[in-house]
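Undergrad: Each chain, written out:
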Amino acid sequence: MNREELEKQLDDWLDQAAAGYGSTEARSGFEARIIANLNGRLKKRRWYYHWIPIAATVTALLFFSIYALRINFQDHGTAEIASIRPAVPKSGPEQSLNRSPAGNAAVPAAKSHAKRLRSVQSNGRFLSSGLSDQERYLIAFARAASEQNITGLSEDHKFEPLQIPELEIPEFDIPDFEIKSFEIEGLHASTLENEEKL
Amino acid sequence: MAEMPIASSCDTGTLDFEKLVFAHGRFVLNVAYSVVRNSQDAEDIVQETFFKTFRVGNLEKVEHMRAWLGRIAWRLALNRVRSHSGNQKKIQSDDLLRTMPSRESDAEELLIQRERAILLERVLLSIPGDLRETFVLLTVEEMTSRSAAEILGIPESSVRDRLLRARTLIKEKLAALVEEINEP
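These protein sequence lines map, in sequence, to chains C and B.
Under the working numbering, the first residue of the first sequence carries the number 19, and numbering increases by one thereafter.
Under the working numbering, the first residue of the second sequence carries the number 8, and numbering increases by one thereafter.
In short, the hints are calculated from the structure, not lab data.
Since the model is a prediction, treat every value here as computed from it, not as a measurement.
Do not take every clue at face value.
If we take Cβ atoms under 7 Å as the criterion, some of the chain C residues that face chain B in the derived model are [unchecked claim]:
id, residue
1, Leu28
2, Ala35
3, Ala36
4, Tyr39
5, Gly40
6, Thr42
7, Ala44
8, Glu49
9, Ile52
10, Ile53
11, Asn55
12, Leu56
13, Asn57
14, Arg59
From the three backbone atoms N, C-alpha and C, an ideal C-beta is built for every residue, glycine too.
Here chain C stands alone, though its shape is the one from the complex:
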């Protein structure tokens, strides 16, 4: 058997082998089975997707109710703090000084301090409810002093607008300069060579 004959036989063999290699006969009811399975899977998928809007609605309601509860809680907390705030002294620091420390003895200093810190942190406002007598006195004193200063200043001092005198700027005299000669170190300008170099 020569080379060409072998080549031809191999070609024929390969064609015959390849003809049936990549094909298969589908089992009976192939298409119907595919469609039925597909419908089943799609139904399952649809059932699954029905829960998505429900879950989204429930989540939104949950978030909304939590948010509303949080706002209510904050308002309630502020009202409570306002109700326990003591009355502001009416007649200045003297009254505060005369107040007996036994009146506040029921509330420990540490507790009041902690409460004050909490109120400052939560509301961002400074409440005087937890202050000691010394602190109250200091605040009242500062207020009174600042009020006195402001009223005193407004009566005694009258500020007038500033008057700035006009400035006169004389003209500059710049003398005329005349360059007559110049000298460069290491060069003698008298020779022709140096003139060319220059």
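Following the hints, position chain B against chain C.
TA: Showing chain B alone in chain C's frame:
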């Protein structure tokens, strides 16, 4: 069979998936079978292919539905083969019978066909993957080089070139086998 565009598959423009399955199901099955060599796995891949197609939904823009489906099936089949690469591929007897060109052939012809399929599969395993994939894809019934090019995502000329190289390599290996048999 020529490429069937989606417009001809669907009369009114809205996709009729049942028609799609009846029109291209067997082609997709053969594409899958050419890779996995198992009819049950091939049918699973057909199922998955059509399910993926339905999930995409908007198929009006697909020009060559047959090649597009074939490409999906081809990818799924390759993935399945790669994921089961550790397992020995088993050829089912009924699969071999189905690969026969005619069921009315005599027993001797059936046996010869079976031997051919087994031998070809062994030889194919010894050639490079890209050549093997191209050769196997072109053994599918109704597969043209153009469809194969679309499925593989390469130019048609490359498909022809790969097919030629694959055939040459297979024939060399078969010739070596024949020489071994003829040697005393």
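Undergrad: Tell me, which hint numbers fail for this structure?
TA: 13
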